[in-house]
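Spelled out from the first residue to the last, the chains are:
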Amino acid sequence: MAMLFGFGQSAEVQIRLKNEDDRKMVKARGEDGNMHDHFLYYDGESVTGTVHVNLKKANQRFEHQGIRIEFIGQIEVYYDRGNQQDFILITRELARPGELTQNAQFPFEFNNVEKPYESYTGTNVKLRYFLRVTVIRRLTDITKELDLVVHALSSYPDNDNSIKMEVGIEDCLHIEFEYNKNKYHLHDVIVGKIYFLLVRIKIKYMEIAILKTEVVGSGPNTFKESETVAKFEIMDGAPVRGESIPIRLFLAGYELAPSMRDVGKKFSVKYFLNLVLVDEEDRRYFKQQEVTLWRKADREPNRIGDGETPEDLNVISGTQKFQTPAVSVVEHPKPESPRNDLKSGSSSPEENSDTS
Amino acid sequence: MYEHPGNTTEQEKNLDNSIRIVKAESFEMKRCLDKGKTMDALKHALQMLNEMRTAELSPKFYYRLYMDSMHELQCLEVSLVQDFSSEPAKLVNLYECVQYASSIIPRLYLLVTIGGVFIKCGLGSRKEILKDLVEMCRGVQHPLRGLFLRNYLMQCTRSVLPDFPETEEMLDVHNSNLPKGATKLKPRDGTVEDTIEFVLINFAEMNKLWVRMQHQGPSKEREKREKDRLELRILVGTNLVRLAQLEALTEDMYVKDVLPSILEQIVSCRDPISQEYLMECVIQVFADDFHLATLNEFLAACAQLQTEVNIKILLIALVDRLALYTTSSIEGGAPTKMKLFEIFSEQATSLIKSRPEMPVDDIVALHVSLVSLAVKCYPDRLDYANLTFQGLRQVIEEKAITEIEAFGKVGRELTKLLNIPVDEYKNVLRLSELPEFIKVMRFFDYRGQCNISAYMIQNMLEEETILRTQENVDAAFELISPLLKDQENQPENSHDTEEFIDEQNLVARLLHLIRADNVDAQFLLLNGVRKVLGEGGRYRLRFTLPPIVFELYRLVLQFAEMKEEDEKWDAKIRKMFVCAMGTIGALVSSAELAELPLKLYLNGAITADRVPFEDNHTVVYEFVSKAMSIMEDDVSDSRDRVRCLQLTVGTLLKTTHLPHENWEPLAIQTVLAAGKMFKKPDQVRSLVTAAALYWHGQTLNTDGQKMRNGKKVVEILKRSAKIAKECLEPIVQQQLFIMLISAYTYYYEDKCPEINVDHIEELISLTQDNSVQLDVSAEADSLEKQLGEAIRRLQLAKLDVAAAQQTSPPEPDLPQPPNENEGL
Numbered sequence: 001m002a003m004l005f006g007f008g009q010s011a012e013v014q015i016r017l018k019n020e021d022d023r024k025m026v027k028a029r030g031e032d033g034n035m036h037d038h039f040l041y042y043d044g045e046s047v048t049g050t051v052h053v054n055l056k057k058a059n060q061r062f063e064h065q066g067i068r069i070e071f072i073g074q075i076e077v078y079y080d081r082g083n084q085q086d087f088i089l090i091t092r093e094l095a096r097p098g099e100l101t102q103n104a105q106f107p108f109e110f111n112n113v114e115k116p117y118e119s120y121t122g123t124n125v126k127l128r129y130f131l132r133v134t135v136i137r138r139l140t141d142i143t144k145e146l147d148l149v150v151h152a153l154s155s156y157p158d159n160d161n162s163i164k165m166e167v168g169i170e171d172c173l174h175i176e177f178e179y180n181k182n183k184y185h186l187h188d189v190i191v192g193k194i195y196f197l198l199v200r201i202k203i204k205y206m207e208i209a210i211l212k213t214e215v216v217g218s219g220p221n222t223f224k225e226s227e228t229v230a231k232f233e234i235m236d237g238a239p240v241r242g243e244s245i246p247i248r249l250f251l252a253g254y255e256l257a258p259s260m261r262d263v264g265k266k267f268s269v270k271y272f273l274n275l276v277l278v279d280e281e282d283r284r285y286f287k288q289q290e291v292t293l294w295r296k297a298d299r300e301p302n303r304i305g306d307g308e309t310p311e312d313l314n315v316i317s318g319t320q321k322f323q324t325p326a327v328s329v330v331e332h333p334k335p336e337s338p339r340n341d342l343k344s345g346s347s348s349p350e351e352n353s354d355t356s
Numbered sequence: 001m002y003e004h005p006g007n008t009t010e011q012e013k014n015l016d017n018s019i020r021i022v023k024a025e026s027f028e029m030k031r032c033l034d035k036g037k038t039m040d041a042l043k044h045a046l047q048m049l050n051e052m053r054t055a056e057l058s059p060k061f062y063y064r065l066y067m068d069s070m071h072e073l074q075c076l077e078v079s080l081v082q083d084f085s086s087e088p089a090k091l092v093n094l095y096e097c098v099q100y101a102s103s104i105i106p107r108l109y110l111l112v113t114i115g116g117v118f119i120k121c122g123l124g125s126r127k128e129i130l131k132d133l134v135e136m137c138r139g140v141q142h143p144l145r146g147l148f149l150r151n152y153l154m155q156c157t158r159s160v161l162p163d164f165p166e167t168e169e170m171l172d173v174h175n176s177n178l179p180k181g182a183t184k185l186k187p188r189d190g191t192v193e194d195t196i197e198f199v200l201i202n203f204a205e206m207n208k209l210w211v212r213m214q215h216q217g218p219s220k221e222r223e224k225r226e227k228d229r230l231e232l233r234i235l236v237g238t239n240l241v242r243l244a245q246l247e248a249l250t251e252d253m254y255v256k257d258v259l260p261s262i263l264e265q266i267v268s269c270r271d272p273i274s275q276e277y278l279m280e281c282v283i284q285v286f287a288d289d290f291h292l293a294t295l296n297e298f299l300a301a302c303a304q305l306q307t308e309v310n311i312k313i314l315l316i317a318l319v320d321r322l323a324l325y326t327t328s329s330i331e332g333g334a335p336t337k338m339k340l341f342e343i344f345s346e347q348a349t350s351l352i353k354s355r356p357e358m359p360v361d362d363i364v365a366l367h368v369s370l371v372s373l374a375v376k377c378y379p380d381r382l383d384y385a386n387l388t389f390q391g392l393r394q395v396i397e398e399k400a401i402t403e404i405e406a407f408g409k410v411g412r413e414l415t416k417l418l419n420i421p422v423d424e425y426k427n428v429l430r431l432s433e434l435p436e437f438i439k440v441m442r443f444f445d446y447r448g449q450c451n452i453s454a455y456m457i458q459n460m461l462e463e464e465t466i467l468r469t470q471e472n473v474d475a476a477f478e479l480i481s482p483l484l485k486d487q488e489n490q491p492e493n494s495h496d497t498e499e500f501i502d503e504q505n506l507v508a509r510l511l512h513l514i515r516a517d518n519v520d521a522q523f524l525l526l527n528g529v530r531k532v533l534g535e536g537g538r539y540r541l542r543f544t545l546p547p548i549v550f551e552l553y554r555l556v557l558q559f560a561e562m563k564e565e566d567e568k569w570d571a572k573i574r575k576m577f578v579c580a581m582g583t584i585g586a587l588v589s590s591a592e593l594a595e596l597p598l599k600l601y602l603n604g605a606i607t608a609d610r611v612p613f614e615d616n617h618t619v620v621y622e623f624v625s626k627a628m629s630i631m632e633d634d635v636s637d638s639r640d641r642v643r644c645l646q647l648t649v650g651t652l653l654k655t656t657h658l659p660h661e662n663w664e665p666l667a668i669q670t671v672l673a674a675g676k677m678f679k680k681p682d683q684v685r686s687l688v689t690a691a692a693l694y695w696h697g698q699t700l701n702t703d704g705q706k707m708r709n710g711k712k713v714v715e716i717l718k719r720s721a722k723i724a725k726e727c728l729e730p731i732v733q734q735q736l737f738i739m740l741i742s743a744y745t746y747y748y749e750d751k752c753p754e755i756n757v758d759h760i761e762e763l764i765s766l767t768q769d770n771s772v773q774l775d776v777s778a779e780a781d782s783l784e785k786q787l788g789e790a791i792r793r794l795q796l797a798k799l800d801v802a803a804a805q806q807t808s809p810p811e812p813d814l815p816q817p818p819n820e821n822e823g824l
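Chains as they are written, first to last, in full-length UniProt numbering: chain A, 1 to 356; chain B, 1 to 824.
Please keep in mind that the hints were generated in silico from the structure rather than gathered at the bench. For each residue, glycine too, the CB sits at the ideal point set by N, CA and C.
According to the in silico footprint, chain B covers these stretches of chain A (three or more CB under 8 Å from chain B):
| id | stretch |
| --- | --- |
| 1 | 227-233 |
| 2 | 239-249 |
Only pairs whose alpha carbons sit at most 30 Å apart, straight line, appear in this in silico DSS-like list of lysine-lysine:
| id | chain 1 | residue 1 | chain 2 | residue 2 |
| --- | --- | --- | --- | --- |
| 3 | B | K676 | B | K712 |
| 4 | B | K43 | A | K204 |
| 5 | B | K224 | A | K204 |
Go ahead and model the full structure; you've got the sequences and the hints to work with.
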């Protein structure tokens with residue numbers, strides 16, 4: 001009873017991770033919409049540290065029914081808050097029931113713990129990792145949580161297939177576009193070009209948008225949210241037949257996460273490159289193309305002797321891969337490629353979100 | 001072009017708004033730069049550049065906005081280069097950063113700027129950066145905005161384009177030849193070939209944009225669009241200028257890469273405005289050697305241009321340029337080595353063939369250049385010039401054109417064409433070696449032919465082209481034949497025109513250029529010329545024959561001093577006079593003139609009188625008598641007769657070699673003619689004049705003294721006084737009296753013993769009586785004064801005579817013979 005009125009002994013719990021000073025911090029958007037710093041972990045990395053239980057009043061006993069720490073990976077769907085899914089839950093017993101007479105530290109270790117997914121905060125869903133310490137007491141447990149951010153690294157071979165496609169509207173507009181890959185890491189550069197085969201409309205400008213689509217749930221309970229992450233004008237004015245317009249879009253500057261497919265059977269995050277042509281009557285012609293985004297391990301430090309001149313460093317990352325149109329036109333005539341019709345008009349639901 | 005053109009006021013307003021934003025943002029940008037906040041500065045720069053996206057401004061206004069923005073971007077560039085050239089590593093990610101801008105126009109302007117900064121700071125590969133920039137600019141397909149963006153690209157990179165060495169191999173050679181420790185050039189800095197590629201790409205893209213302007217917007221605004229385009233052409237041309245400025249650009253590169261690429265672009269764009277401007281650009285900006293080396297290629301491209309292109313201007317520009325070059329180059333070897341003329345000639349011919357719709361004036365203008373080239377660069381190759389005239393003749397014949405109007409479009413070009421060899425050779429006689437010249441000249445209408453003939457004569461006069469031989473004379477006369485006799489195509493009233501008179505005067509002047517080496521030959525020439533001119537018809541004779549007569553007289557005087565050198569001297573001189581007489585006779589009979597031949601006869605008489613050939617007095621007599629018979633028969637106007645009589649008297653007073661028996665009939669006839677004047681006052685005046693003959697005349701028999709026949713003088717004066725009294729008009733009579741008083745006084749002063757002073761005073765009192773009766777008038781006043789003078793003079797004369805006649809008064813107004821210059 002004494003505790004109820006603040007007379008009883010109480011304790012403050014802190015989770016200190018190992019090598020906190022050296023560990024990389026990343027910003028992540030919290031539920032409040034603001035950015036917070038979090039420690040960064042990768043899949044398979046051990047999570048170790050110490051739990052500090054500091055007594056608030058000296059020389060007074062602190063009773064507890066046991067202390068434990070859990071490592072939790074959890075998917076939380078906002079419209080169904082009660083139904084959280086822990087896809088990982090590992091518990092470590094730190095202390096058996098007993099009592100503390102002074103501040104105590106409890107080291108913990110989750111060895112090579114599996115973190116299969118990337119942390120994610122979306123519109124309708126959140127995937128988070130956190131440590132939770134619970135000091136079990138008779139009336140109210142004391143708990144302390146610490147969010148961790150997990151980056152899921154992937155790797156794809158460099159000789160990724162490019163996206164090439166000829167699209168058009170009969171007797172009105174035929175274009176061939178090419179993106180150099182269909183999988184881009186988050187600091188990658190999208191390099192490509194648009195080749196105009198037939199132009200009978202007065203185009204005002206052309207832009208590329210990166211659309212993010214989050215799909216949560218399944219069946220009738222599917223929630224789909226699209227948002228435009230980036231909008232990038234790549235052409236001003238009306239081209240004529242034979243013109244080839246370069247595309248170079250650096251991804252690093254945008255707030256992007258890796259593509260996610262059916263994570264925990266709960267949700268997916270997809271990215272699309274949306275090529276939009278706008279004519280002088282403000283009609284929009286567009287073609288969406290899904291691309292996969294993935295997280296690449298940070299660049300390894302330059303080895304000594306690798307590249308004698310420092311200014312070579314990725315200064316113009318896109319350039320080397322960019323081919324002059326004349327060459328590429330000859331290189332891949334694609335008669336066999338299926339002709340896809342561009343969608344036209346702004347009535348498309350995808351486009352509505354574009355204008356928002 | 002611009003989507004919402006708006007009127008000028010609206011444009012001004014839009015421009016002002018934009019410029020205000022540019023100013024504000026650039027101000028913030030510079031503040032950030034000062035504080036070292038590069039990223040913030042770039043953000044303001046982007047804001048500023050957003051204005052360049054406008055579609056509201058016409059080219060003229062957009063240009064002003066561009067200039068302002070450029071200025072600010074230059075500040076940015078200078079500042080970045082200054083701050084970071086020592087530690088360029090800090091800039092490394094800028095090239096990427098600026099590419100996040102989502103609007104393409106500001107993004108590319110900034111990218112170009114940063115690219116420039118990178119190159120200047122030695123960051124990255126210059127070659128790669130240039131290539132990247134020129135490629136990325138493809139994103140702007142809007143003609144106006146694209147042209148300015150690419151122009152900015154050229155401006156920004158102008159000073160950093162690699163201009164050495166020509167090839168990678170040369171770079172190796174260059175590097176291996178450097179002293180130890182010197183900085184070697186890196187291959188990635190690029191070579192001039194990279195620059196060429198860079199500029200050529202930019203050029204081609206700009207041209208495409210420029211051409212595209214033509215095809216955008218409603219067709220009713222075509223004229224306006226063309227005007228807009230012309231204002232923008234310099235932007236496109238700058239690329240060519242930059243290429244031409246490359247020091248490492250060799251002839252070989254120009255021949256193999258540069259020109260073919262430029263021509264390909266020009267030909268394939270199929271836009272007349274572009275083609276015409278750019279071809280002219282090529283001609284103007286590249287070196288003469290280059291042009292010489294690529295003549296065939298260039299001309300072949302000309303043949304492929306659109307029909308609307310004014311090829312003439314291009315060819316002419318090229319020909320003129322090369323003509324200037326080859327004439328000014330010291331060696332002069334080029335024209336002979338290069339078959340410059342043949343190439344041009346051939347190309348021009350095939351061009352004309354391939355373009356049947358080409359206007360004739362353009363065809364002629366083309367030949368103007370060709371002739372100019374032939375004449376100026378190959379002064380010795382008359383066949384070239386002739387060939388050109390021949391070519392033109394054939395074209396004109398094919399088109400069946402004749403009677404080209406002198407001042408029409410074609411005529412003006414034709415005049416230019418024909419004037420070239422005249423001006424250049426400075427010797428019209430050489431034109432006779434161009435048989436085709438005359439044939440081309442014949443295509444002119446009458447006026448045109450006359451003009452060019454007159455031009456040739458003027459040239460001969462200026463250059464003093466002497467006609468020495470019969471061949472010379474024939475050649476010259478052939479060329480100016482339209483002026484020498486009536487032409488089939490001559491308009492009826494052409495004789496009345498000022499031009500006709502001017503031209504015939506020129507012909508007359510030309511005749512004085514006939515100068516054979518000796519007197520005999522000269523006489524033959526003049527005689528021959530006389531015959532030719534004789535066919536010119538009455539309107540020309542009056543201009544053309546007098547010079548012949550004067551030339552003959554001149555020849556006589558020249559020959560006069562050569563008596564000792566020629567046995568047949570007398571006979572030849574006589575022959576010359578006969579010839580002159582015949583010539584003058586033609587003036588009377590054919591030209592139906594009177595006073596002019598009369599003067600010429602009198603002149604001849606004086607000339608004959610001066611030359612002491614055998615029986616020269618017969619010639620003098622003949623000439624004076626002929627003159628007098630003209631006066632009798634052909635001079636009807638009384639005033640003219642008075643004048644003619646005065647001339648005759650003057651001539652007779654000048655002659656000294658007539659025997660008395662020849663002199664007297666002439667004198668008598670003269671006095672008779674004087675007395676036969678139609679009006680009484682004229683009789684009086686003429687008689688007073690004629691009286692001088694008996695006082696001052698000289699004959700062979702007076703031994704070099706004057707005649708002093710006072711009796712005859714007084715007789716004539718009395719007669720005239722009598723006639724004067726018969727005059728009824730008081731004023732006229734008064735005039736005559738005063739004149740008579742003066743005449744009497746004169747002879748009295750000159751000691752004529754037969755003069756009776758009483759007689760004079762009687763006349764004076766009569767005059768004074770008369771004067772009282774005169775109505776008051778200015779004339780009467782003046783006569784009163786004159787009378788007073790006459791009286792005073794008589795008083796003085798009386799004193800003089802009384803004072804032993806020591807002095808003699810000055811001669812009165814004796815009639816003078818016509819002098820040589822007065823003949824015309």
